[in-house]
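Heads up: the protein sequence lines correspond to chains A, B and C, in order.
Quick note on numbering: the UniProt record's numbering labels position 262 of the first sequence as 262, and the sequence is numbered without any gaps.
Quick note on numbering: the UniProt record's numbering labels position 62 of the second sequence as 62, and the sequence is numbered without any gaps.
Quick note on numbering: the UniProt record's numbering labels position 141 of the third sequence as 141, and the sequence is numbered without any gaps.
Keep in mind the hints are simulated off the structure, nothing from the lab.
Check the hints yourself; a few may be wrong.
As the list claims (entries may be wrong) - Keeping only pairs whose Cα atoms sit at most 25 angstroms apart, straight-line, the calculated SDA-like set for lysine to any residue is:
(1) A:K332 / B:R60
(2) A:K332 / B:T56
(3) A:K401 / B:R60
(4) A:K234 / A:E268
(5) A:K364 / C:I45
(6) A:K234 / C:E240
(7) A:K373 / C:I20
As the list claims (entries may be wrong) - Across the chosen pairs, the derived CB separations fall in these ranges:
(8) C:S27 / A:H286: 16 to 24 angstroms
(9) A:F63 / C:T405: 43 to 51 angstroms
(10) B:E9 / A:M362: 24 to 32 angstroms
(11) A:K364 / C:D102: 15 to 23 angstroms
All C-beta atoms in this analysis are idealised placements derived from N, C-alpha and C, irrespective of residue type, glycine included.
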Amino acid sequence: MADLQINLAGIKSPNPFWLASAPPTNSGYQVQRAFEAGWGGAVWKTLGDPIINTTARFAAASFNGKKVAGFNNIELITDRPLEVNLKEIYETKKRFPNHAIIASLMVEPKQEKWHEIVKRVEDIGVDGLELNFGCPHGMAERGMGAASGQVPELVEKQTYWVKEVAKTPVIVKLTPNITDITVTAEAAVCGGADAVSMINTINSLMGVDLDSWNTVPHVAGKGAHGGYCGPAVKPIALNMVGECARNPLIDIPISGIGGISNWKDAAEFILMGATGVQVCTAAMHHGFSIVEDMIDGLNNYLDEKGIASVMDLVGKSVPKYSNWGDLDLNYKVVARINNDVCINCNKCHISCEDTSHQCIDMLKDATGKSYLKVREEDCVGCNLCSIVCPVDGAIDMVEIKQTLPSMTWNERQSRIASFMT
Amino acid sequence: MSEYETFMEEKNKIDSYFDKGYQVISIFENLSGTFVDFVTGEEAIEREVVQIQLLTAEARKYIATKLLFVS
Amino acid sequence: MSTITGGRISSNLVENFEEIHKGLTRSEAIEEANRCLYCYDAPCITACPTSIQIPKFIKKIATDNLKGSAKTILEANPVGASCARVCPTEELCEGACVLNHDTKPISIGHLQRYATDWAMKQKEPLFKAGDSNGKSVAIIGSGPAGLSAARELSLLGYQVTIFESAEEAGGLDRYGIVSFRLPREVVQWEVDQVEQLGVEIKTNTTVGVDISTEEIINQFERVILAVGMGQVPNLGIEGEGLKGVYDAIEFVKKTKVDAPTDELIGKKVAVIGAGNTAIDAATTAIRLGASNVKIVYRRTKNEMSAYQFEYDFAKQDGVEFRWLTAPSKIVSNEQNEVAGLECVKMTLDEPGLDGRQKPVPLENSETVLDVNVVIKAIGQSKHTKLIEAFGLNHTKGVVDVDSETFQTSQENIFACGDCIFGNGQGEAMVVSAAQQGKEVAKAIHRTFMLQSEIA
């Protein structure tokens with residue numbers, strides 16, 4: 001049994017799985033149910049001046065019949081008075097003293113506003129604070145959330161104000177709706193943040209109804225952009241975590257968020273530098289019980305790998321994440337089709353023929369049986385055929401041992417520079 | 001001619017100039033690919049300059065690898 | 001896949017004849033459609049006699065383009081709604097699905113039904129007749145081959161008249177396939193689709209009786225013979241005239257025309273033969289309330305011409321099989337009713353000229369099966385008289401045709417469907433009849449194109 005406890009900038013939790021600040025953490029009832037189900041921590045639904053929500057708040061993308069490939073919401077922060085939330089936080093913390101409760105906060109970008117809420121929340125007893133600089137809809141129109149999170153100076157200044165009074169660790173939650181997230185992450189570091197969390201949701205419009213031509217969702221025939229999350233955003237989030245993790249200026253822990261649906265996703269985020277993860281859409285799709293497999297699967301994985309603590313996994317893939325210019329141009333893989341496993345759907349052929357490098361031939365053997373073969377000298381090793389292949393093990397991308405040594409683009413350019421006149 | 005055959009032709013050219021003792025004196029890259037100027041060894045009385053144009057990505061990679069590790 | 005399951009017999013006989021499979025729900029259809037790999041050069045297309053672009057129609061179901069899906073199916077197969085129900089899919093498209101080698105094949109038949117069921121609910125026709133080219137074609141028979149040929153010829157601009165001896169059009173699909181597998185409404189819709197193109201269907205019109213073959217030949221520029229096959233021939237044993245002996249074709253037909261009767265309730269039934277019709281007759285007998293139904297076949301399961309899914313279906317219905325058993329006499333009681341079926345045990349000898357092992361009787365093996373109904377399902381007779389009236393060459397009642405053009409020995413007369421099936425020629429499936437209908441139409445069109453080229 002591996003040790004799943006984490007310590008993120010001083011915030012300890014029995015496992016790395018936290019519920020993100022979102023509808024699942026709206027109330028004490030929900031968070032307590034989540035802790036009973038096994039979640040290690042919860043970032044409370046963002047506290048601030050209570051808002052008013054619309055109905056028709058969520059929408060989701062289905063892909064090829066699979067529901068909730070992506071998820072979109074236009075819900076705002078808590079609509080309940082601070083006292084109500086604080087009372088429930090207190091009760092929950094009392095019942096679950098070893099679980100992490102982090103209060104997500106959002107107020108106007110004014111020093112006194114931040115000071116007031118930080119003090120009142122910390123007085124009730126929380127394990128940490130998360131500053132919501134990411135909510136992309138609604139609150140942003142009022143100068144909060146992503147609107148302040150997109151301006152590095154505001155990120156730094158507000159973090160600084162919070163740190164002036166905060167006694168617990170401060171996590172700054174970053175918006176992905178920015179060209180380079182490392183810029184705002186650095187601003188958070190400069191402001192004194194103890195950790196960053198990412199990503200918040202991505203500006204999105206879920207769809208358009210083809211009969212009514214209304215937006216999806218719509219509120220009485222009108223729509224507004226929402227925040228996108230769920231499995232579809234995982235690669236975007238993972239990149240942002242990786243970019244921050246490998247940036248030497250961002251030397252604080254990262255809480256990974258974005259499309260994490262199972263222990264494998266979580267392990268990937270942890271390998272790419274996250275000290276723990278936050279989950280929302282998967283819980284909204286399936287309920288709190290999904291954490292059981294997250295814990296079990298991660299534990300079994302660590303045991304199989306002989307890793308004693310999940311903390312030992314943190315960032316192990318970060319050195320492998322690099323710039324394109326540092327990739328070896330002389331590394332060569334080619335596709336090889338295992339005709340014993342291949343079921344002859346010809347998807348590799350047509351994908352290569354129509355959209356890649358025309359190197360998979362449809363042939364017939366002496367008995368008239370169809371088979372597929374890669375002309376390896378023409379194969380550029382793009383992986384497409386193995387991606388579209390529906391059968392595991394039918395196409396291997398095989399490394400071709402090179403007689404030439406490794407050479408990156410950067411090495412090439414610096415070598416030929418002396419010949420350029 | 002397949003891309004691979006074009007590459008092999010370009011690679012053979014590069015190899016043959018190196019084999020004959022030519023050296024690269026200039027490399028120029030633009031929208032049309034890479035242009036490599038070879039010259040014969042310094043001891044020759046009249047230095048002959050030959051230019052080859054490399055069209056394939058593989059050859060543009062290969063010439064740099066040769067320069068980095070072989071010559 | 002033909003996953004019809006039997007075994008749930010109601011005492012309300014009408015219910016027993018309702019279509020067994022209720023069709024996929026939208027969710028089921030979309031889930032299954034999304035499982036299709038959309039193979040390139042897909043083997044299911046090759047395996048379909050009518051070459052339906054299966055991955056395309058399935059993809060269209062997945063994208064809610066049901067109109068496009070139904071058109072893709074029906075373009076290739078004018079009786080695609082019937083075929084979705086009666087095709088031996090595991091021998092055809094589903095048998096060829098590449099997922100047989102991985103998980104499980106796509107339920108192509110059910111998906112085809114889903115799309116064509118949608119089409120059946122639409123008011124707008126899916127196809128329009130071509131501009132008239134002034135040429136006329138007569139088609140004898142309105143079964144799948146005739147309907148298919150008529151549809152294709154209409155699209156090409158021909159004026160088509162179908163002559164049908166029965167009261168309603170549809171042929172085998174209308175009268176010969178049990179309604180719990182192929183309801184009448186489906187066939188009627190397919191007939192309607194052909195009629196709305198301007199095809200005239202003259203029912204209750206028997207060629208050779210109500211109109212002479214000469215009149216047909218004189219009135220039309222081309223003639224297609226698509227008359228299928230006739231009644232079940234005699235067994236040639238004693239007692240065939242007794243009360244309680246039925247012709248399987250007539251027996252099934254009655255259930256597709258009239259409400260079920262109680263005449264079989266509690267009866268013990270022997271069905272002679274093990275082909276598609278035998279299975280239909282046996283399962284029909286069960287649904288009419290027979291207390292026991294036995295299929296009696298002189299060969300073994302390996303030689304039966306029924307499909308595996310039909311066999312499974314009959315077994316689920318509780319039909320018993322008596323292999324290597326040949327009837328020798330139908331026993332009578334004093335009221336001239338069937339009182340039993342005397343049978344002899346058989347054994348299989350060396351293969352005969354047709355490659356099948358010849359059954360030979362075992363001496364002194366007579367037994368009497370305790371039955372009071374005998375249904376004959378040993379194949380169908382040919383319409384030899386009509387074939388000869390048209391002056392067509394034939395081999396034992398099977399019309400001789402050119403294998404590519406389906407042209408008979410008479411230049412302007414073509415033939416397709418079950419009337420060219422036999423002696424190693426043709427196929428007996430509805431789907432192959434549909435394909436032949438298409439090919440005949442193309443061949444006829446070519447003859448006119450050729451003429452205009454010459455002129």
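Hint by hint, here is what the structure shows:
1. A:K332 / B:R60: holds, 15 angstroms
2. A:K332 / B:T56: holds, 16 angstroms
3. A:K401 / B:R60: holds, 20 angstroms
4. A:K234 / A:E268: holds, 10 angstroms
5. A:K364 / C:I45: With a Cα-Cα distance of about 18 angstroms, the restraint between K364 (chain A) and I45 (chain C) holds, given a limit of 25 angstroms.
6. A:K234 / C:E240: violated, 76 angstroms
7. A:K373 / C:I20: Given that 25 angstroms is the threshold and the Cα spacing comes to 45 angstroms, the pair is violated.
8. C:S27 / A:H286: 16 to 24 angstroms: Holds, at about 18 angstroms.
9. A:F63 / C:T405: 43 to 51 angstroms: Distance hint for F63 (chain A), T405 (chain C) holds at roughly 48 angstroms.
10. B:E9 / A:M362: 24 to 32 angstroms: Taking Cβ atoms as reference, E9 (chain B) and M362 (chain A) lie about 28 angstroms apart, which means the hint holds.
11. A:K364 / C:D102: 15 to 23 angstroms: Given about 21 angstroms between the Cβ atoms, the range holds.
Hint violations for this structure: numbers 6 and 7, all remaining hints satisfied.
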